[in-house]
Structures are given as C-alpha cells and as structure tokens.
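For the record, the sequence lines run as chains A and B. Quick note: the first sequence, position 105, residue 105 per the numbering used here, numbers continuous. Quick note: the second sequence, position 213, residue 213 per the numbering used here, numbers continuous.
Treat each hint with caution, since some may be false.
[Unchecked claim] Counterexamples of contact, computed for chain A against chain B with all Cβ distances above 10 Å:
no., residue
1, D73
2, E170
3, F171
4, L181
5, A264
6, S342
7, K352
8, R409
9, K414
10, T436
[Unchecked claim] Cut-off 20 Å, straight-line C-alpha distance, at most; resulting in silico cross-link-like pairs (DMTMM-like, lysine to aspartate or glutamate):
no., chain 1, residue 1, chain 2, residue 2
11, A, K102, B, D370
12, B, K251, B, D286
13, B, K251, B, E227
14, B, K251, A, D55
15, A, K102, B, E371
16, B, K251, B, E230
17, B, K642, B, D163
Think of the hints as simulated: they come from the structure by calculation, not from any bench. For every residue, glycine included, the Cβ atom is placed at its ideal position computed from N, Cα and C.
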Amino acid sequence: MTTFILRRLVAAFFIVLGSSFIVYMLMANAGDPLAFTTEIASPTVRETVRASVTDALNLDVHPVARYFLWLGDVFQGDFGISARTQQPVIDDLGGRLLMTLKLVGAATVLSILVGISVGIVTALRQYSGFDYTTTFFTFVFFSLPVFWVAVILKAVGGIDFNDWLRDGAEFPAWLIVATGLAAGGICYSIAGGPLHRRLTIGAIGAGVVTAILAYISSTGWILDPGFGPIVIALFAVGIAFGVTAIMAGLGNRKALHSALTTAAIGVVTWFPLQLVFDDDGMNIWRLFGLGIVAIAVGSIVGYAYGGFDKGMSARTSAVVALLLSCVIFVDRAMQSWAEYSSSSVIRNRPIKTIGDREVRLEGSFWVVTNDTFSHLILPTVALMLISLATYTRYSRASMLEVLNQDYIRTARAKGLTERTVVIRHGFRNAMIPLATIVAFDIGGILGGAVITETVFEWNAMGRLFQTGLLSLDPNPVMAFFVVIATFAVIANLLADLLYAVLDPRIRIGS
Amino acid sequence: MVNRRRSMRFISALAGATLIIAACSGDDDGDVLTGDTSEAGDTTEPAGSEVTEPTTAEPDTSEAGDDSVPAGAEEVGVVGGSGCGIPHGPYDDPGEPSGEVRVAWNDPLLSFNTNSSRGNATANANPAYLMGLGNGGGFWYYDQDLNLINNDQFGTCTIESLDPLSVTYRINEGVTWSDGTQIDAADLVLYWGATSTHFNTGEAVIAPDGTTAEADADGLPIVLNPEGVEVPDAEVPYTEEGALPEGWTYKESVDVTFDAASDSLALVTQFPEISDDGLAATITWDSFYVDFQLAGLLVGNAAHVVGKNALGIDDPAAAKQAVIDAFQNNDAAALKPISEFWNTGFDATSLPDDPDLYLSTGAYVLTSYDEVSQMTFEANPDYTWGPRPRVQTIVYRIIGDPTAAVQALENEEIDIIQPQSTADLLTQVEGLAGRGVEALTGDTGTYEHVDLMFDNGGPFDPATYGGDEATALAVRQAFLKTIPRQGIVDRLIVPLNPDAQLRDSFTTVVGAPTYDEIAAENGSAEYADVDVDGAIALLEEAGVETPIEVRFLFADNNPRRANEFDLISASAAEAGFTLIDGRSPTWGQDLNTNTLYDASLFGWQSTSVAVADTEANFGTDGQNNYGGYSSEVVDGLYEQLKTSTDADEQKQLLLDIEKELWADGFGVTLFQHPGLTAFNSTYVSGVSAIPLSPTVFWNFWEWQAA
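Please take these sequences and the hints and turn them into a complete structure.
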C-alpha cells in the first residue's frame with residue numbers, strides 16, 4: 001500500500017513537472033510579457049521597468065533554461081513576481097486558493113450527491129417520465145456555456161428573485177398549482193408498484209408540495225424563514241425512517257429504534273443548542289465540533305442497542321445524527337436570515353451577483369453564514385450545472401449495467417429484499433467506475449471555475465490565471481497551473497485508492 | 001537615425017506633465033495610447049479669479065473660455081492669487097455626512113503613490129482623489145467645465161513674478177495628514193525633489209534578489225565577488241538557479257533614481273525657498289513654463305512617512321527635516337533610500353499593515369482594501385479644508401466585466417458604474433430606468449484620429465515622388481478628402497452618444513469654449529464632407545497613377561476600428577486608393593516602426609488641460625509624432641506658445657498651428673470616444689462626469705446618499 005502510494009506520488013510529481021514544462025513553453029511563446037510597457041509614456045521609466053521585469057523574470061534567458069530557473073525558485077516556495085503588478089505572486093495565493101476551494105468544494109460535493117442520487121433513481125425507474133425529464137434537462141444544461149448560464153442565473157436567480165422578495169415573496173396561484181402538479185408527477189414516476197399505489201403517492205406528493213408552497217406564499221415565510229421544533233421533529237422522524245430504510249431496512253428493529261432514539265435526542269437538544277449557537281464565540285470550528293459530537297452520540301446510541309448487528313445500528317444512527325445536525329444548522333441560519341437581509345449593507349436584496357462575501361457586513365456568525373451562502377449560491381449552481389449531467393448519466397448507465405449482471409439475478413433469486421439488492425449489490429458496484437469520473441471531473445470543475453469566478457467577480461485562482469494569461473504574465477499563470485495540476489493529480493490518486501475500498505477484487509499493493 | 005530619434009523622443013518625453021496610462025480603458029485597452037498630448041488644449045484654464053478681480057464684468061463661464069493662464073500682470077503678487085486655478089473661497093457646510101455610495105471601477109489600485117510614472121494610472125488616481133491626493137494634490141481640481149479650481153481652504157498659490165516665473169505654495173495652518181501631522185513645505189519639497197529629475201544620478205537596475213544594483217554598460221547589475229571586486233557578468237559563476245554563489249553580492253547602487261519626471265519642475269533647478277513658519281515653499285522656474293498652473297508643486301506623499309521608512313526617523317518633525325536636508329544637501333546616501341521607498345514603498349494590492357502608507361489629506365480615509373477587489377472609504381472627521389462630503393461611506397468595488405457591472409447595478413449591489421461604452425451596454429442600462437437607473441452619455445478624454453506617414457517611402461512621403469513636396473501633399477489631401485468623417489460619427493458614435501459631433505481640431509476638445517472658433521478657422525472645413533471628385537481631381541492634377549496602395553494600421557481587437565476601416569476603405573476606393581488591412585494585435589509597438597504602415601487609426605487619451613503638451617504629437621521628432629511630420633513653422637509656433645503668458649495669444653498660436661496641420665495634410669481627427677456613466681438615483685444623487693481623470697469622481701462631495 002505504502003509502496004503503491006509512494007510510486008504514484010513519484011509518478012504524479014513527474015506528471016506535474018512535465019506538464020508544467022509544456023505550459024511554461026506555451027506561455028513563453030504566447031507573446032511578450034513586456035508588451036504592457038508600451039503604455040508607459042516616459043522612455044526612461046519604460047526602460048527601467050523593462051529592465052527590472054526582464055531581470056526578475058529572466059526574460060533574457062532562453063525559455064528552457066528560464067524554466068529551470070523558475071523551477072528552482074518554486075522548490076524554494078517562490079513563485080516569482082507578476083510582470084504586471086511587480087508584486088510577488090505568492091502573496092495572495094493562499095487566500096485565493098481558499099476562495100476557489102470554497103466554490104469548487106461546494107459545487108463538487110453537491111453535484112456528486114445530487115447527480116448520483118438522480119442517476120440511481122432514473123436507473124431504477126428506467127424509461128419513466130422522470131427518467132425522460134431529467135435526461136432532457138441534464139442534456140440542456142450540459143450543452144449551455146457556463147458564462148451564459150451565469151448571466152441568466154444572475155438575472156433570474158439573483159435580480160428577479162430579489163425583486164420578488166421585495167414585492168412580498170408571494171407565489172402566483174398558477175405557479176403553486178403547476179409546481180404541485182410537477183411534484184406529483186415526479187412522485188408518481190419515482191414510486192414503484194401497482195398503479196393505484198403510484199397514483200396515491202403522486203397525489204400525496206402534489207398535495208403536500210402545494211400545501212407547503214401555499215403556506216410559504218401566504219405567510220411570507222421566505223422573508224423570515226425557520227423550522228421551529230415541531231417541523232424539526234417531523235424532519236427527525238422522516239430522517240430516521242428514511243435512513244434506516246436505505247441503510248438497514250425497516251425490518252431491522254434495533255436499527256430503527258436506535259435511529260428514532262437519536263432523532264429524539266436531536267430534537268430535544270435543539271433547545272439548549274440555541275443558547276450555544278447564540279454565544280458570541282460561535283465559529284466554524286465549534287460548528288464542526290458539534291457535528292462530531294452529534295455523530296459520536298449517534299454511534300453510541302446505536303451500540304447501546306446492542307444485538308448482533310450493532311455496527312449497522314451505530315452507522316445508521318450516526319448518519320441520522322449528522323443529517324439532523326444539518327437540519328438544525330440550517331434552521332439556526334434561517335433564523336438570522338431576516339436580520340441579514342435587512343442589514344443596511346444588504347439592502348433587502350440578499351442574493352448577490354458579485355463577490356464572495358460582503359466585507360462590511362457586521363453581525364453574528366449566523367449573519368455571516370447567511371452572507372456566505374447568498375454569495376455562494378449562484379456560482380455554485382452555475383458550476384453544478386456543468387457536472388451534474390455527467391454524474392447523472394454515468395451513474396445511471398453504470399447502475400443499469402450492474403442491475404443486469406448475473407449476481408443481481410442470483411441475489412434476487414435467493415430472496416433478498418429489493419433494498420439489499422439495490423443498495424448492497426447494485427449501488428456499491430455501480431460506484432466503481434464513478435470514482436474515475438469524480439477524479440476526472442475535479443479538473444473540469446476547476447477549469448469551469450475560471451470562467452465562473454470571472455463572471456461572478458470572485459478574485460480567486462481563476463482570476464489570477466485569467467488576468468495573467470491576458471497580459472501574457474507567466475508567473476501568475478504558472479502558479480495557478482502548479483496548484484491546480486497538483487490538485488488534479490492528487491484527486492486521481494485518491495480515486496485509485498477509492499477503487500480498492502469499493503472493489504475487493506482490486507488490491508493495492510506492490 | 002533610429003538612435004537619434006530615440007534620444008530626441010527621450011527629451012520630449014520629459015515634457016510629459018500629467019500623463020495617465022490608459023489602464024482604465026479595460027477591455028478596450030488596445031485602442032488608446034496615452035502620451036503628452038492634450039486635446040483639451042488651451043481651452044479650459046481659468047482666467048483671473050473673481051476674488052482677486054472684483055471689478056471684472058466677466059461671468060464665470062466666459063472666464064473659462066478665456067483660455068489658459070490667468071497670469072495677467074495684475075495677478076502677480078496677489079496673495080492667494082491664481083497660481084494654481086481660480087481660488088474657490090469657503091465651501092458650504094453640508095452637515096454631517098451620512099449613508100453610503102458604492103462605485104464600481106474596472107481596475108484595482110496597485111500603488112498609493114500616483115506621482116511615480118508607474119503609479120500614474122487612473123486606477124490609482126481615483127482612490128487618491130478621494131483621499132485628497134489626486135489631480136493637484138489638494139491645491140486644485142477640475143470643475144465640470146474643466147476649469148482649474150484652487151481649493152484655497154487647503155492652500156494658496158501666489159504668483160510672485162512672471163519673469164522669472166516664481167510661485168509661492170502655502171499650506172494653510174491646521175491642514176493635516178490623517179495621522180494629525182501638519183502638511184507643510186517638507187511635503188512640497190519631497191514632491192519637487194522626486195519629480196524634478198535633478199537628483200537622479202545614474203542608471204540602476206533591480207537585481208534578481210531585489211536589491212537596486214548599479215548597472216553595467218549592458219544594463220545588467222554589476223556583481224562583486226567575496227573580496228568586493230567587480231566581476232564582468234560573463235565571468236560570474238551563477239548557480240543553476242541563476243542566483244549568485246555564496247558570498248557574492250550585487251553592487252548596491254548609490255545612485256538615486258526617482259521614477260518620475262515632470263517637465264515643469266525640471267525647469268526648477270533652485271532649491272525651493274521655505275518660509276519661516278515652514279508652511280510655504282517658493283519655487284522659481286529657470287524659464288517660463290506655460291502650463292505652470294497644472295504642473296507646479298503639490299502634496300503627493302507624506303515626507304514624514306518617507307523619512308520614517310527610508311531613514312528610520314520616527315519623529316515626524318525630525319523626519320520631515322531629514323527629507324528636506326537630504327534634498328538640500330543633495331545627500332546621495334540619504335536620497336537613495338528615499339528614492340527607493342518613494343518608487344516602490346507605496347505599492348500595494350491590499351490594505352498595507354502600516355497605516356502610514358495610505359494617509360489621506362482629503363475628505364475620505366481608507367479603512368479597508370480587500371485584495372484587489374474592494375476598498376472602503378469613510379469620511380475624514382477632521383477634514384475642514386475643502387468641500388466636505390455628504391456621504392459617510394464610499395465603497396469602491398472592482399468589477400472587471402462590464403456585463404457583471406451592469407447586473408450588479410441592476411441588483412442594487414452597486415450604485416455608480418462607468419463601463420466601457422458599447423451599444424449593447426447602453427441599451428441594457430437604459431432598460432433599467434424603471435429601477436431608477438440613470439444613464440449619462442457624453443465624451444471621454446480620448447479622441448480618434450487618422451495619421452499619415454511622412455517619412456517611410458510610402459505614398460504620402462515626398463521621397464516617393466523624387467522629393468516632390470507638392471505631389472505628396474496632393475496625395476495626402478486626396479486621401480484625407482475620401483475619409484467619411486461625418487458618416488463614421490453618425491453611424492458608429494451617435495448611437496452611443498446622441499450629442500456626439502465631429503471633432504474638427506487637433507488641439508482642442510469638442511465643446512470647449514475656444515473650440516468653435518478654432519474649428520471654424522483652422523481649415524478643417526476642407527475635410528468636412530467626403531469629396532471623392534475633389535480627390536480624383538487632385539490626383540489627376542498631381543499626375544499620380546492610381547490605384548495607390550495604402551497600408552492601414554489599427555488595433556485588431558476593436559470592432560469599432562474595424563468598422564471605421566471598412567467605411568474608410570470603401571470611400572477611398574472610389575478615388576483610387578486601395579487600403580490594405582493592417583489590423584494588428586501589436587499595433588502599439590508597430591507604431592514605432594514606420595516601414596510597416598502608411599496610415600494609422602488610433603486614439604489619444606488626454607490627461608490634463610495643459611497647452612503645450614501637444615508639441616509631442618506635432619513637433620519635429622516629437623515623442624508621439626510617429627509619422628515623422630516636420631514643419632519649421634509649427635516648431636516655431638510651439639516655441640512661442642511655450643513662453644506665451646497671454647491667453648488670447650495662446651489661442652491664436654494654437655489656431656495658427658492647426659492651420660498648418662490641416663493644410664499640410666497631417667491627418668484628420670474624427671470624434672471623442674463616447675463615455676457612459678450610469679447610477680442608481682434611488683441610492684445616490686448628484687452624480688456627473690467630466691472627460692478627464694477623475695471622471696465620475698470629480699465632484700464626489702456633491703454625491704448624496706438616499
């Protein structure tokens with residue numbers, strides 16, 4: 001294992017090295033980094049700047065030799081200076097990287113989760129209305145250019161949505177009915193079984209969604225959202241049943257009971273948690289700490305129920321605890337929404353089209369959290385739309401292929417429940433090819449982030465690359481390249497390791 | 001020849017008074033050059049002030065029209081007279097500032113020193129203006145009509161005499177930097193010392209490790225071996241990384257190189273005379289400098305900050321004195337760190353740790369600068385010496401993409417934008433009227449023009465016709481007659497600026513008070529309309545065979561230029577000129593290579609209202625005279641202009657220069673570039689823009705937050 005990782009790391013190192021050489025040569029031949037100096041009117045100053053930049057960037061050295069000079073500096077942690085600003089590139093690299101990771105991280109995780117779930121569901125309900133509809137939309141999104149999507153998203157999801165909030169956040173009746181019907185249709189498509197069961201489920205879905213929308217619209221809930229203990233309790237029960245159904249099966253009583261117990265604990269702790277949340281010292285690390293405590297409590301509850309399968313109970317409860325923590329977190333964030341939105345800096349237009357945060361916003365951790373989300377949402381959606389299609393299509397195809405395998409038929413034949421067949425035998429095997437796609441797609445998302453950052457005015461890695469490229473400034477471009485290439489290569493390595501976890505036939509060793 | 005030309009250009013480059021690199025032109029960067037040109041020309045300098053001439057019957061507006069120098073003899077010796085614009089007098093108190101206004105700009109600030117050549121960009125000038133350091137460094141600013149206004153609450157400029165020219169700059173008592181230090185003569189001396197070029201002692205280069213090293217003949221840093229002996233570059237055993245081996249060093253330069261050059265202050269060789277109270281400095285020019293009002297002393301960087309950082313003196317008074325002493329004694333050992341710090345010490349792409357680096361003298365102080373993305377300015381509570389702002393907070397957001405800027409305006413994240421004007425953007429902005437967004441169209445400080453080449457052996461060069469001046473002149477005139485000037489304006493510019501009109505002057509901006517007179521009499525009427533028949537007649541008369549090939553250079557990334565080329569090309573073809581499409585991504589550098597093209601199309605950006613600056617464009621061997629135009633008459637007129645103290649005479653001289661240019665077929669001027677400013681009237685009122693830097697910021701104190 002160690003040998004394997006080491007070998008891969010060495011290979012990765014040489015891949016980055018080789019590709020950086022190619023990019024460096026391309027940059028060196030792309031044009032003159034000193035072109036901007038023609039704008040300097042005074043010849044003396046022009047010559048001074050040209051000389052100092054030439055010196056600092058070794059422009060008088062042959063590109064191949066220059067590459068090695070540059071490489072030597074990079075190994076010492078020095079990415080050189082930008083020809084244009086004559087400031088060291090390394091100065092703000094860290095901040096920019098964090099910002100890009102925030103954007104790319106959210107988009108990647110969300111598109112993996114959403115893409116794979118939708119893909120699996122469409123595979124299970126192949127050729128249903130839901131299948132066709134998602135296929136249609138994923139292909140539409142896939143073929144739209146991201147800069148165009150971003151502009152449209154800003155217009156609709158940003159400007160129009162903010163206008164709608166300002167006008168009282170009421171849905172027109174037709175929209176409530178139409179959304180309700182659409183939700184009903186989706187439920188109908190997804191639900192299996194005989195027609196009357198599907199119709200019932202569809203009707204329930206339509207009814208619930210219509211009712212929720214009507215409630216939201218009539219009370220202006222979006223202007224001052226929040227769940228409150230009762231809705232959270234409903235969520236908790238739903239999560240407990242849902243997670244148990246997927247992970248252990250409702251027949252596993254111990255798992256169900258431990259999940260429900262965990263849910264109950266979660267609902268009860270909602271009250272004291274509010275005090276913890278309102279504490280002035282609240283920050284992201286405490287939040288993570290609370291999440292870990294929740295998972296630990298869930299596991300302990302699962303173990304406490306004992307039995308031969310206490311590991312399963314513990315896992316189920318841990319997942320329930322995690323999801324419920326998320327709900328409680330969202331609930332608390334929502335409670336600060338109105339405060340955030342009405343802040344003079346925000347001007348009651350919470351969804352932002354530029355930047356990654358509002359620097360001048362003053363408020364609690366929760367207000368700032370809302371600010372982060374309202375800046376993240378549009379670029380994240382724009383980025384997600386690129387990769388969603390890939391994940392949906394690949395996981396659908398992969399799942400379909402697995403479900404047609406002999407061992408699935410065998411599993412069914414020996415009387416396993418549909419849940420066990422799909423989750424244990426199907427899903428896990430369908431994930432193996434997807435690991436490759438994930439690694440591959442991280443590169444794609446990082447690339448897409450360049451455009452997204454530009455359109456949304458995020459001053460992060462992509463911007464560094466773009467301005468560098470446009471002004472033919474080699475060092476910022478190379479800094480971007482080295483960092484991004486390293487990420488892409490590491491992602492590939494992780495994918496290889498993931499194979500071994502998912503597929504027992506693959507052994508990673510010497 | 002080339003060498004001679006370069007050295008000549010070097011000399012005229014020193015004549016750059018207030019140049020601003022066209023960094024603000026964003027996406028359109030490629031189409032504008034900045035140079036010593038100033039089309040605003042003689043138009044707008046203020047005449048004598050009402051304060052000092054209470055009996056004058058002229059209203060303000062006609063004073064503005066009364067071009068340039070106020071400096072009638074009656075101004076001499078009048079304390080607080082118009083040595084740097086019309087004294088404004090006390091300002092109204094608008095009361096406590098409140099609310100906030102958000103402005104978007106397309107490029108980030110890179111340096112807090114706008115007086116160095118490198119820092120002299122609009123992206124740096126706008127924040128500096130908010131902090132009192134833009135334009136005239138507190139002494140003066142432009143008003144809406146580009147009159148020079150002296151903020152006499154800050155300081156006064158008294159003309160001591162005109163021959164020799166001598167002006168006293170006095171800072172008022174109690175006018176302080178935002179750290180509370182009184183602004184005084186030390187700051188003025190620092191500005192003079194840094195920009196006069198007199199203290200620059202030699203060539204130096206920045207070595208790879210960042211030291212300012214002495215340069216050898218090839219411009220490479222000189223290297224010392226461990227024994228301290230100079231080693232020729234070829235013999236230096238560089239390491240693989242190109243660094244010096246252990247123990248070797250670059251020979252540190254004791255040379256002083258300030259990265260700045262003021263043609264005006266270069267004429268001030270005498271050390272400024274500092275008043276007893278230390279608040280005033282008097283300088284005397286060796287010879288008259290016609291634009292002295294624009295290019296006198298100003299407050300740029302704090303002397304005590306420079307003294308503290310360069311010389312390590314913490315006490316402000318002592319630091320100031322040390323800076324004065326360094327210049328007075330021409331102490332290279334002290335001037336070297338001073339110049340180094342002055343050149344690069346104020347560079348920043350985010351809020352510096354040291355608050356001294358961004359001290360303000362004006363209405364706003366900087367409170368935050370997020371890595372090249374957003375600056376926040378708060379009203380300076382101590383500021384009483386000038387127009388006090390009505391807005392408490394100004395947010396200065398960097399938005400590079402014009403579409404993003406318009407959408408941010410629409411989403412009310414931004415209140416004021418000034419994007420590069422295009423028809424699409426204008427339509428978009430006008431579509432936001434329902435949200436209270438108002439669009440202001442108008443001229444910018446850049447004008448478009450066609451230049452011809454006189455010295456490249458092409459169709460416009462007399463050498464082509466065996467030195468026959470008359471034939472070459474006929475060909476030039478014929479070509480210029482075919483250019484559809486009005487057609488270009490009507491089709492390409494009017495959609496962006498309904499009030500756009502043809503620019504008929506080489507030296508004076510459209511709408512300036514003297515413009516009408518100059519445009520009417522300068523001979524541009526000959527080229528007002530396309531005259532294909534006239535062109536054919538001229539060519540026949542000269543006996544030149546058609547078709548004549550004309551290589552036409554312009555920027556390849558600019559659709560408008562391409563459209564202009566198509567229009568000119570079609571029209572010129574009718575008279576027998578075959579235009580060769582010379583669009584080039586490197587057009588800026590190509591301009592210098594006169595063998596590459598016969599005619600060029602680009603823009604000149606004006607950065608001040610200086611009078612004599614246009615010599616760089618039209619004078620023999622002028623820095624911006626790419627076409628090699630040379631006229632003894634024009635050169636002589638410029639010599640007269642530079643020493644003229646009378647406004648009417650200056651106007652007449654400019655008119656005479658223009659007559660020559662139009663008659664000689666130098667080229668044609670086309671139009672001022674259209675500008676677009678949009679603001680959300682729900683959140684801010686009182687916004688307007690002027691063509692010159694600081695454009696939309698010029699009257700920030702009149703902005704009012706809702």
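We went through each hint and held it up to the structure:
1. D73: 7 Å, violated
2. E170: 20 Å, holds
3. F171: Non-interface label on F171 of chain A holds, nearest chain B Cβ at 21 Å vs cutoff 10 Å.
4. L181: 31 Å, holds
5. A264: 43 Å, holds
6. S342: 14 Å, holds
7. K352: 6 Å, violated
8. R409: Per Cβ check, R409 of chain A is outside 10 Å of chain B; nearest 55 Å; holds.
9. K414: Fine: 59 Å to the nearest Cβ keeps K414 of chain A off the interface.
10. T436: At about 35 Å from chain B, T436 of chain A clears the 10 Å cut-off, so the statement holds.
11. A:K102 / B:D370: 17 Å, holds
12. B:K251 / B:D286: 36 Å, violated
13. B:K251 / B:E227: Holds: K251 of chain B and E227 of chain B sit about 12 Å apart, inside 20 Å.
14. B:K251 / A:D55: The given pair, whose Cα atoms are some 15 Å apart, holds under the 20 Å limit.
15. A:K102 / B:E371: 17 Å, holds
16. B:K251 / B:E230: 8 Å, holds
17. B:K642 / B:D163: Roughly 14 Å between the alpha carbons, so the hint for K642 of chain B and D163 of chain B holds.
Checked against the numbered hints given earlier, this structure breaks hints 1, 7 and 12; the rest are met.
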